[in-house]
Amino acid sequence: MMPSMPAHPLAAPLLSGSRRALARAITLSESTRADHEAEAQALLSEVALNAGQSIRVGLTGVPGVGKSTFIEALGIHLADAGHKVAVLAVDPSSARTGGSIMGDKTRMPRLTVHPNAYIRPSPAGGNLGGVARRTREAITLCEAAGYDVVLVETVGVGQSETQVAAMTDLFVLLTLPNAGDELQGIKRGIMELADLCVVNKADSDSRAAIRAQTELRAALRLLTPHDAPWRPRALRASALTGEGVPEVWNVVLEYVQEVNLEVRRRTQTAQWFDELLREAAWRMFRAGLDVRKLQNLRAEVESGRLTAIQGVAALTAD
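Quick note: the sequence shown uses full-length UniProt numbering, first residue 1, plus one each step.
Careful: at least some of the hints might be erroneous.
Straight line, CA to CA, 25 Å or less: simulated SDA-like cross-link-like pairs of lysine to any residue [claimed, not checked]: (1) Lys84 with Pro109; (2) Lys293 with Gln310; (3) Lys84 with Thr32; (4) Lys84 with Pro246; (5) Lys84 with Asn178; (6) Lys293 with Arg283; (7) Lys293 with Trp272; (8) Lys84 with Ala34; (9) Lys84 with Arg265; (10) Lys293 with Pro246; (11) Lys293 with Val312; (12) Lys84 with Asp148; (13) Lys84 with Ala38; (14) Lys84 with Asp35; (15) Lys84 with Ser18; (16) Lys84 with Leu44; (17) Lys84 with Ala314; (18) Lys84 with Arg283; (19) Lys84 with Arg110; (20) Lys293 with Ile309; (21) Lys84 with Pro13; (22) Lys84 with His114; (23) Lys84 with Arg33; (24) Lys293 with Val252; (25) Lys84 with Val312; (26) Lys84 with Gln268; (27) Lys84 with Gly52; (28) Lys84 with Arg264; (29) Lys84 with Glu192; (30) Lys84 with Ala51.
Treat the hints as calculated values from the structure; they're not laboratory data.
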């Protein structure tokens, strides 16, 4: 009989809800060192059975919409009600250090010090989809530490800001009143994935907020297939005054009741497997490349002697 592997030293304190252990575990999972990656996977395998019990909400929005302020208002509402709230805030990365350059903790001062809340800013690191490379692992670790609501704030809004929808239960798009042709500026792919749209800063101009809500409802009716199990909603809210924030959470709870989250998460796990498989295949491919041949082909493409397509074809011909 093979001896069992010793328990990871972070497993017990993490499962007991230690914030320090959670911070160290997420840092470990974000490391790109091979030994750290192996250690992080060992830890995840130990605590994974204690995960999966939270409500996962992804949030994105147009520039200036007040994502962090809205998340803080929602987080305070939930934390005061007894929920344990984890916020995974993905920031733009510094080109010099690779670190987070906006620091969401400084933009959520009240939530940061709440005993029922945990905020973790992570650099996007050039990863597309508006999330960090290891956000999925961070969600699992937060759930294992006892957080029953996980809010994932994306780095911004754009065509690639859709990956968060593949790792959360509900995808929320925040918009603004008085944004002119904002529906023209929001990518269709984002609108199609939104389960809930919220017109934030509704207190700034109530008539404009009502108009924006009406436009969003019309757009969502056009984009949503008739056989969809959930009809996306459009609400108004003000993170500054708190108006509409409880209603947003009530809609989240309605969604959880109507949608089969088990099926959704199984599909997401399969997608995650495919992504990791592509990542592993790329690493194996790079490891087997003739570096000199690669450099020569790159130089020929750069000089114009070969097109990029021809260069890749020559690289993969053997």
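Numbered hints the structure breaks, given as an ascending list: Failing hints, ascending: 3, 5, 7, 8, 10, 13, 14, 17, 18, 23, 24, 25, 29.
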